[in-house]
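Please work from the sequences and hints to get the whole structure.
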Amino acid sequence: MSDHVDLIIIGAGPAGMSAAIAASRQGLSIVVLDEQARPGGQIWRNVEQRRDGALSTVLGRDYAAGAELVDRFRACPADYRAEASVWHIDEGQGTGGGKVFYLKDHQARVLEGRCILLATGAQERPPAFPGWTLPGVMGIGAAQVTLKSGGQIPDGPVWIAGCGPLAYLYAMQLRRAGGTIAGFLDTTPPGRLLPNFFAFLQAMLFQPAPMLKGVAWQLALRCTVPWVPHVAALTADGGDRLKTLTYTTTGGKPVTVEAAHLLVHEGIVPGTHPTLMLGCEQAWSDAQDCFAPKLDEWGETSLPGIFVAGDAGGIAGAQAARLRGELAAVAIMRRLKPSAVAERDAVKRLRSRLSRIIAGRAFLDRYFRPREAACLPPDDTVICRCEGVTAAQIRALTTNGLGDPNMVKAFTRAGMGPCQGRQCGYGVARLTAEITGTHAATVGLYRARPPLKPITLGELAVLDKQRTEA
Amino acid sequence: MFRKIAQPAQGVTVEVDGTPVRASLGETVADLLLRQTEVGFGVNAASGRVRAPYCMMGVCFECLVEIDGRDSQACLMPVREGMRITRRMGRPEVAA
Chain P
1 MSDHVDLIII GAGPAGMSAA IAASRQGLSI VVLDEQARPG GQIWRNVEQR RDGALSTVLG
61 RDYAAGAELV DRFRACPADY RAEASVWHID EGQGTGGGKV FYLKDHQARV LEGRCILLAT
121 GAQERPPAFP GWTLPGVMGI GAAQVTLKSG GQIPDGPVWI AGCGPLAYLY AMQLRRAGGT
181 IAGFLDTTPP GRLLPNFFAF LQAMLFQPAP MLKGVAWQLA LRCTVPWVPH VAALTADGGD
241 RLKTLTYTTT GGKPVTVEAA HLLVHEGIVP GTHPTLMLGC EQAWSDAQDC FAPKLDEWGE
301 TSLPGIFVAG DAGGIAGAQA ARLRGELAAV AIMRRLKPSA VAERDAVKRL RSRLSRIIAG
361 RAFLDRYFRP REAACLPPDD TVICRCEGVT AAQIRALTTN GLGDPNMVKA FTRAGMGPCQ
421 GRQCGYGVAR LTAEITGTHA ATVGLYRARP PLKPITLGEL AVLDKQRTEA
Chain X
1001 MFRKIAQPAQ GVTVEVDGTP VRASLGETVA DLLLRQTEVG FGVNAASGRV RAPYCMMGVC
1061 FECLVEIDGR DSQACLMPVR EGMRITRRMG RPEVAA
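Those protein sequences? They're chains P and X, same order as listed.
1 is the number of the first residue of the first sequence in the numbering used here; add one for each residue after it.
1001 is the number of the first residue of the second sequence in the numbering used here; add one for each residue after it.
Please keep in mind that the hints were generated in silico from the structure rather than gathered at the bench.
Check before you lean on any hint, since a few could be wrong.
So the derived label-pair ranges between C-beta atoms look like this [as the list claims (entries may be wrong)]:
(1) A1006(X) - W227(P): 26 to 32 Å
(2) R25(P) - G1018(X): 48 to 54 Å
(3) G1018(X) - P77(P): 42 to 48 Å
Quick reminder that beta carbons are idealized off the backbone N, C-alpha and C, glycines included.
Given below as structure tokens:
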């Protein structure tokens, strides 16, 4: 039972939804697979249910605006399949497109597409530090997700540690929701503004509205919550849950405070597992301090017929993701339906809007680039949360000449747990680079192999039954 | 650990470790478990230490619980009427 369609889109966030709307207008047959129960991605998680009421006010206008795109996506003819987890993609050996294997209702299923668009988004960069595995420590993005989907905030004073737009946005939302901020530990390193002043002006010119909003948030927070600038190191302590937190500012002495909730954030990075598994060429981005798949101007990877749109192809935010989704849809349409009329002016407009957003992005990348210590934590830090492998264990190995994350994995089990290296990939790469005196770009990430998500033998066996019956 | 900012209009009843608990329609199992007194979602298989979710978006697997008899990521699973949720607070044992 291998269904054939023109286009398979993985992910129903801004990029996936925009691509589906645009491509279905051209009459392509499309299936959209998404892991969540509702469309919107992380940025507009649960927006359909939250369009009215108190929570919508707390989350703000940019969030509520997502409902309009979700409505158009729901109304478009693309076949949307929710709660579908992709666990394997088999590329068409250079012929374009390929097969997508996914799990829905505990059954493995397969779909064949002439083109595949990966709109799988990003994840928070995991900033490992001692004690970050304790209950009570969470990503700021994670806290925002549970605000969107559960309508809830931490019960009691919250310590926020990190930098970047999401940290300030969530702090504002938390206050509007009636939460208490115990303190904001700003991890932006000192002296970042002056060397990036040209980028700052450029961002003000090309993205005035979001930039002014960001500046206003920072000012509002600095005036109203205990603000600690230049935090360089963090340690969380407690037995079975977070009880105290110790922070050290640049050139300062360690300060220990009581804490029940600590939310951390050091920016976001593209989710690279699907493209790594497929063998798409990757490129290191110095500006964003992470890997991203190499893409052409339409979002096509090094494999024909496999496209990436949105933050999975490099961090640029939701508005850019919509434009990149539409651009990928144009390229896919041209490939699959050459008879269709190409709207040259429309493409030009998309590109000019996208380039304005990218021009504004450079400042955020440079100003909020995570401090080195966030990437190279002390020895007693757990790097691989699943298998409990510490920085010391990885450093001991790499000192003995193992300069490759896959070797580290084989010797320590780092990356072998259920998350399959999604949380420790960059940590292991950076530590390996540190010891061997190379760069994370040369070291690379773990190899990613199917299944991308754990699947039981029972679930897998259904696939064979479907094939026999077909 | 967490509290609702407004009381939801519609609810469902699920079972958490054998006890009936009210949950609100549209939230995930992880959202619900974050409001329970017991903070842990389970114990880490390697260290035996209590863990709770870190990412809430399907990446970290720290929210893995048993839902209706199957291992599931609680942050991706919407609550449904009658759902049986079990947190495994003991370390898994491997038969010799």
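Hint by hint, here is what the structure shows:
1. A1006(X) and W227(P) have their C-beta atoms about 29 Å apart, which keeps the hinted 26 to 32 Å range intact.
2. Between R25(P) and G1018(X) the beta carbon distance is about 51 Å. The supplied range of 48 to 54 Å therefore holds.
3. As the Cβ distance of G1018(X) to P77(P) is approximately 45 Å, the hint placing it in 42 to 48 Å holds.
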